[in-house]
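Protein chains in written order, with the working numbering: chain A, 1 to 217; chain B, 1 to 217; chain C, 1 to 217; chain D, 1 to 217.
No wet-lab data here; the hints were simulated from the structure.
Note that the structure is predicted; figures quoted are calculated from it, not measured.
Worth double-checking, as some hints may not be accurate.
It does not matter which identical chain is meant; a pair holds if it fits inside one copy or across any two.
To be verified - With a straight-line cut-off of 20 Å between C-alpha atoms, the simulated DMTMM-like cross-links for lysine to aspartate or glutamate are:
1) K190 to D55
2) K190 to D95
3) K190 to E13
4) K190 to E119
One-letter residues, chain by chain:
4 protein chains.
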Amino acid sequence: MTRDADLPALICELCRQFYGLGWVSGTGGGISIRGESGIFMAPSGVQKERIAPEDVFVLDASDLSGCTVLTPPANSNLRVSECQPLFFNAYRMRDAGAVIHSHSVWAVLAARLFSPRGEPGSFECQGLEMQKGLRGKGCFDTVRIPIIANTPREAQLTESMAGAIEAHPDVDAVLVAGHGVYVWGDTWIKAKTQAECLDYLFRATVELHRLGLQGDA
Amino acid sequence: MTRDADLPALICELCRQFYGLGWVSGTGGGISIRGESGIFMAPSGVQKERIAPEDVFVLDASDLSGCTVLTPPANSNLRVSECQPLFFNAYRMRDAGAVIHSHSVWAVLAARLFSPRGEPGSFECQGLEMQKGLRGKGCFDTVRIPIIANTPREAQLTESMAGAIEAHPDVDAVLVAGHGVYVWGDTWIKAKTQAECLDYLFRATVELHRLGLQGDA
Amino acid sequence: MTRDADLPALICELCRQFYGLGWVSGTGGGISIRGESGIFMAPSGVQKERIAPEDVFVLDASDLSGCTVLTPPANSNLRVSECQPLFFNAYRMRDAGAVIHSHSVWAVLAARLFSPRGEPGSFECQGLEMQKGLRGKGCFDTVRIPIIANTPREAQLTESMAGAIEAHPDVDAVLVAGHGVYVWGDTWIKAKTQAECLDYLFRATVELHRLGLQGDA
Amino acid sequence: MTRDADLPALICELCRQFYGLGWVSGTGGGISIRGESGIFMAPSGVQKERIAPEDVFVLDASDLSGCTVLTPPANSNLRVSECQPLFFNAYRMRDAGAVIHSHSVWAVLAARLFSPRGEPGSFECQGLEMQKGLRGKGCFDTVRIPIIANTPREAQLTESMAGAIEAHPDVDAVLVAGHGVYVWGDTWIKAKTQAECLDYLFRATVELHRLGLQGDA
Numbered sequence: 001m002t003r004d005a006d007l008p009a010l011i012c013e014l015c016r017q018f019y020g021l022g023w024v025s026g027t028g029g030g031i032s033i034r035g036e037s038g039i040f041m042a043p044s045g046v047q048k049e050r051i052a053p054e055d056v057f058v059l060d061a062s063d064l065s066g067c068t069v070l071t072p073p074a075n076s077n078l079r080v081s082e083c084q085p086l087f088f089n090a091y092r093m094r095d096a097g098a099v100i101h102s103h104s105v106w107a108v109l110a111a112r113l114f115s116p117r118g119e120p121g122s123f124e125c126q127g128l129e130m131q132k133g134l135r136g137k138g139c140f141d142t143v144r145i146p147i148i149a150n151t152p153r154e155a156q157l158t159e160s161m162a163g164a165i166e167a168h169p170d171v172d173a174v175l176v177a178g179h180g181v182y183v184w185g186d187t188w189i190k191a192k193t194q195a196e197c198l199d200y201l202f203r204a205t206v207e208l209h210r211l212g213l214q215g216d217a
Numbered sequence: 001m002t003r004d005a006d007l008p009a010l011i012c013e014l015c016r017q018f019y020g021l022g023w024v025s026g027t028g029g030g031i032s033i034r035g036e037s038g039i040f041m042a043p044s045g046v047q048k049e050r051i052a053p054e055d056v057f058v059l060d061a062s063d064l065s066g067c068t069v070l071t072p073p074a075n076s077n078l079r080v081s082e083c084q085p086l087f088f089n090a091y092r093m094r095d096a097g098a099v100i101h102s103h104s105v106w107a108v109l110a111a112r113l114f115s116p117r118g119e120p121g122s123f124e125c126q127g128l129e130m131q132k133g134l135r136g137k138g139c140f141d142t143v144r145i146p147i148i149a150n151t152p153r154e155a156q157l158t159e160s161m162a163g164a165i166e167a168h169p170d171v172d173a174v175l176v177a178g179h180g181v182y183v184w185g186d187t188w189i190k191a192k193t194q195a196e197c198l199d200y201l202f203r204a205t206v207e208l209h210r211l212g213l214q215g216d217a
Numbered sequence: 001m002t003r004d005a006d007l008p009a010l011i012c013e014l015c016r017q018f019y020g021l022g023w024v025s026g027t028g029g030g031i032s033i034r035g036e037s038g039i040f041m042a043p044s045g046v047q048k049e050r051i052a053p054e055d056v057f058v059l060d061a062s063d064l065s066g067c068t069v070l071t072p073p074a075n076s077n078l079r080v081s082e083c084q085p086l087f088f089n090a091y092r093m094r095d096a097g098a099v100i101h102s103h104s105v106w107a108v109l110a111a112r113l114f115s116p117r118g119e120p121g122s123f124e125c126q127g128l129e130m131q132k133g134l135r136g137k138g139c140f141d142t143v144r145i146p147i148i149a150n151t152p153r154e155a156q157l158t159e160s161m162a163g164a165i166e167a168h169p170d171v172d173a174v175l176v177a178g179h180g181v182y183v184w185g186d187t188w189i190k191a192k193t194q195a196e197c198l199d200y201l202f203r204a205t206v207e208l209h210r211l212g213l214q215g216d217a
Numbered sequence: 001m002t003r004d005a006d007l008p009a010l011i012c013e014l015c016r017q018f019y020g021l022g023w024v025s026g027t028g029g030g031i032s033i034r035g036e037s038g039i040f041m042a043p044s045g046v047q048k049e050r051i052a053p054e055d056v057f058v059l060d061a062s063d064l065s066g067c068t069v070l071t072p073p074a075n076s077n078l079r080v081s082e083c084q085p086l087f088f089n090a091y092r093m094r095d096a097g098a099v100i101h102s103h104s105v106w107a108v109l110a111a112r113l114f115s116p117r118g119e120p121g122s123f124e125c126q127g128l129e130m131q132k133g134l135r136g137k138g139c140f141d142t143v144r145i146p147i148i149a150n151t152p153r154e155a156q157l158t159e160s161m162a163g164a165i166e167a168h169p170d171v172d173a174v175l176v177a178g179h180g181v182y183v184w185g186d187t188w189i190k191a192k193t194q195a196e197c198l199d200y201l202f203r204a205t206v207e208l209h210r211l212g213l214q215g216d217a
């Protein structure tokens, strides 16, 4: 496991990597990781490829219904991410070790393919090897990721995201229409692996549909 | 705020980043930033991923109808960017802190989608979370970015760009048909955030159209 | 030839490069190289862009029907890659010097184009200069790469992959439907060159089909 | 101008950059630059992102009908690039300062769009700002790049490429069907700028065609 002292730098490094993948451009998206001493989280509305370790918040993991700051960042202008209650859904309901929020255009296109008017629904794929990177899934299973409708403020997604988590105990992700995806896992490595596999599955499914080779979408 | 002494290096670093994003290939595109002592601007027609801090011009911010060089670059062969009067439109009319000019292929495709013959018009999108990265916009608003027709010389765009800025007080960008986009903001961070969000919105809108999932284009 | 002492670091470097190409995201894919002292192989289920030289296994090249570990990695939690019997197919049947396994989305799309239901078949292309990067092929030849059906466990592919290798003596690659591609060569450079050329051919063929410019798919 | 002593390192640096752009994967493509003492050229069939300065050949610029090696690379196994007579076409007929050969998939798709059976023809675009990066072209001109048919051996292209150069005095590039593009310029910067602008124009034209927004292809 990664030591708490290394988590702020790891968060910065992962944010730079996610920027390269197109997941966190325009200050969107982010990542949080649960450590021994609390939940480490990047701040709101900052350039994700440029955050520094001293910008990272540590939040109280024993208060998952609220938001208690244990260690604020050096710069007092920084605010806790708007995603905090959504990240906490996964920590509280699934005992997650890390949560990633991506604005990948593939997530948005995949959600639109299955929910053309942004309504609640579910993304589906099957027959793809990368499904194996998802908890408990094989390449011949049908993977269903819930899609929830977007809301004007990110925090307003909290309840419907919790509903989707409850209704889909077999997957560790929730798509938000027109917005992106939340993905988690027992550790930051599992969360990142699932996020990469899902991004691949979203892209492959969209491309197969575009080629007329996906019968079911 | 970034200190003036650091602005030339910052401009070089951002140009390398924009090159990686496909915004400034083939010497096109660029960025300028307003500092305490003047407006810092990359030179014309140079490889943007290879400019050095000593190549950057400083122009007089008190003469926004003209073009007065306060500090020329070390290399006397370098000329002020052709974009200078267009950058100055945003400094003069909007009190911008920075202006970015991108030749992203997504900007060109998005403009063509809404102005098939390169005529004046406006790009539209709605229902996308990344709209929140634009000043005053929510994810359920309709975003309209003006499109102006291209001209043989870049400086000839000055007047029509000024007209579009005046006619669209709610947005900080102007698309140029077949050419690219000008984006600005109060600071270089706001300008870059809006440029990244717009590039994402252009791409998502083009891809949704291609998938037949965008009813309104 | 690369010295054995340098192979673990080379494997890490190539894995980072393949990650950038989109071949090994989500811990999938990998590479193994035959050295003087044995076969060097990345471990199973780890982030390929982050493996370290001490994570690499050395397996006995004189036991190509089994799997004898000569040197285990420093971390005893690491397991031999699931791909090991598939890699060994190429070492045993073709005397390969290196084998690459890519999950590139282009390989998956190309296989689906020719085997729409994931059934055995073959990918075809012709008239492309990059075919020259494949052993014995010219740009006017027709290249045929066998496609085998995927199986729930990677090791279950061993027999059908061996059959495809035997049936296609003129090529050094096997596509797996919904999964990716195995590519090999006499040296790691030849294997990598063929893997890059094939990825290009998969992409070009898919894109030409999408443009309606490929008569034969 | 770049000094001769710096040209081998510059060629390596540009090859790494071109690899990142997808122009020289699978050992294909390359660049040569004319210096004071001769023509500097990367060797044949090597991984372009990994060549070292000592791998670069220097050829005699006073013998442009032949191929006289002035300085061979340190490694005596390396051979002069197959592209040498094609590079020399541009040096001899146009007094070029540098020639780039790219295998970009966009060049191949663009050529196929205008020559669906690989026959001689010409690529066309108009109305795009990036045309200004080409010698003597404005954004409202129609740009025509000759397309020649591919041949089994690269050297067999010499004559038809020379014919295309003669027939199109207004452009500094020749497309080869199914293969890629040769681009040159008075200096390596001009050659690279034109190569980047052309790659952009190829991509934009293909994408516009795919969107049904290009009336003339």
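Violated hints, by number in ascending order, as checked against the structure: The structure breaks only hint 4.
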